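Here are the chains, one letter per residue:
There are 2 protein chains.
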Amino acid sequence: MGRVSTGISHRDGTGEPKRRGRRPGGQDTRAALVEAAREVFAERGYNDATVRAIASRAGVDAAMVNHWFGGKEALFTAAVQIPVDPAQLLEHVLAGPREQIAERLLRLFLTTWDEAGGRAFAAVVRSVAAHESAVRMLREFVTTVVFGPLARELDLDRPELRAALCGSQMVGLGVARYVVQLEPLATADHDTVVAAVAPNLQRYLTGDLTGAA
Amino acid sequence: MGRVSTGISHRDGTGEPKRRGRRPGGQDTRAALVEAAREVFAERGYNDATVRAIASRAGVDAAMVNHWFGGKEALFTAAVQIPVDPAQLLEHVLAGPREQIAERLLRLFLTTWDEAGGRAFAAVVRSVAAHESAVRMLREFVTTVVFGPLARELDLDRPELRAALCGSQMVGLGVARYVVQLEPLATADHDTVVAAVAPNLQRYLTGDLTGAA
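In the order they appear, the protein sequences are chains A and B. Counting from 8, one number per residue, gives the positions in the first sequence under our numbering. Counting from 8, one number per residue, gives the positions in the second sequence under our numbering.
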């Protein structure tokens with residue numbers, strides 16, 4: 008308690024990370040929690056990474072997680088650098104007619120990442136490409152935090168497959184629009200993207216996957 | 008002519024890359040062409056990168072491109088590290104009933120990348136995430152070399168949008184299966200993946216995109 012990592016671990020002769028002695032305050036605490044969360048989520052996975060363990064790693068009180076993030080989910084998205092709160096996302100996407108669930112998900116995705124700028128999505132892809140821990144965090148995001156709960160909420164067959172397919176389409180759309188910038192997808196307005204992609208995403212979420220192909 | 012880059016540029020006092028003086032022979036020539044191709048494709052794009060210019064950059068005769076790769080397309084895929092010949096891909100995918108075109112494309116994709124190993128796809132993603140030149144090469148691959156010609160061959164409305172959507176689904180599938188390894192997509196057999204994904208890919212290729220969503 009009481010000591011915060013500066014973001015760079017200095018090892019001394021004992022082999023233990025040497026942590027700088029500055030007391031946590033404001034943004035220092037927030038940054039320390041994000042850094043600790045990246046480590047603990049990557050080590051243990053989403054479910055086994057407790058708020059207590061993350062706060063302890065950051066050297067701050069567990070109440071700071073609620074103070075700065077409102078909870079574990081929001082801390083996780085801060086750690087993955089995904090600019091959306093999973094709880095709000097699920098609430099928004101599940102409110103309204105089920106046959107428009109893909110459209111709501113797509114519009115939220117486009118609004119969120121367009122606002123964050125293409126570089127934000129590219130940064131996530133770069134992080135995933137370079138670090139195994141980021142791969143695990145993205146996997147947790149898709150399976151445990153967002154698309155898994157969404158697919159289970161729909162109470163249909165094969166929720167895991169639906170979540171993975173949904174994740175594949177969203178990641179592919181993001182890479183096409185923001186990273187590789189494939190035209191006309193890269194500059195298309197939201198209505199055009201929704202008209203093109205929503206029926207496909209809707210099939211992954213609520214359609215028949217038993218192979219009428 | 009007559010001097011081949013070793014793959015590492017050594018600069019001398021003149022500011023010019025100093026090229027080693029070994030005569031091209033066998034694998035040296037092939038490697039020099041791949042390296043030169045990466046540079047020239049990235050600088051000029053696929054259409055404006057001539058075989059002559061690439062051979063000249065590598066310091067070898069243009070006939071070496073046909074000798075080692077059979078042509079510009081195969082040299083391009085070697086440069087992008089995508090283990091498929093675009094000409095063979097198009098011929099294979101376009102042969103047979105049009106309503107099964109997505110299935111053929113998916114089976115070829117899965118066979119190719121499963122054989123190359125998940126790390127091969129991850130290497131392409133890592134390369135794209137890290138280098139703007141790789142982004143441009145992947146963009147060229149989707150729009151100019153593979154999915155663009157495929158979409159135009161189908162002779163339907165909005166071939167560019169179809170190519171980009173098709174690219175988004177294939178890239179998303181590859182990231183989900185090989186990089187993020189989302190289960191059950193990561194270990195599903197080809198029939199399962201085809202049953203789940205082919206109807207969506209088929210809609211992108213030949214379906215109605217005008218927004219019945």
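If you're looking for bench data, these hints aren't it; they were derived computationally from the structure. There may be inaccurate statements among the hints.
No distinction is drawn between identical chains; accordingly, a pair holds when it is met within one copy or between any pair of copies.
Stated by the list, open to error - Lysine to any residue pairs mimicking SDA-like chemistry, simulated, CA-CA at most 25 Å apart:
| no. | residue 1 | residue 2 |
| --- | --- | --- |
| 1 | K79 | T217 |
| 2 | K79 | Q188 |
| 3 | K79 | L216 |
| 4 | K79 | T118 |
| 5 | K79 | D215 |
| 6 | K79 | E190 |
| 7 | K79 | T194 |
| 8 | K79 | D198 |
| 9 | K79 | T213 |
| 10 | K79 | A195 |
Computed from a prediction, not measured in an experiment: that's the story for all the values here.
Evaluated hints:
1. K79 - T217: neither (36 Å within a copy, 41 Å between copies)
2. K79 - Q188: between (33 Å within a copy, 24 Å between copies)
3. K79 - L216: neither (33 Å within a copy, 40 Å between copies)
4. K79 - T118: Within one copy only: 24 Å inside, 40 Å across.
5. K79 - D215: neither (34 Å within a copy, 42 Å between copies)
6. K79 - E190: The answer is between: 23 Å across copies meets 25 Å, while 37 Å in one copy does not.
7. K79 - T194: neither (34 Å within a copy, 30 Å between copies)
8. K79 - D198: Intra 33 Å, inter 38 Å, cutoff 25 Å: neither.
9. K79 - T213: Classified as neither; 28 Å inside a copy, 44 Å across copies.
10. K79 - A195: neither (35 Å within a copy, 31 Å between copies)
Hint compliance for this structure: hints 1, 3, 5, 7, 8, 9, 10 are broken, all remaining hints hold.
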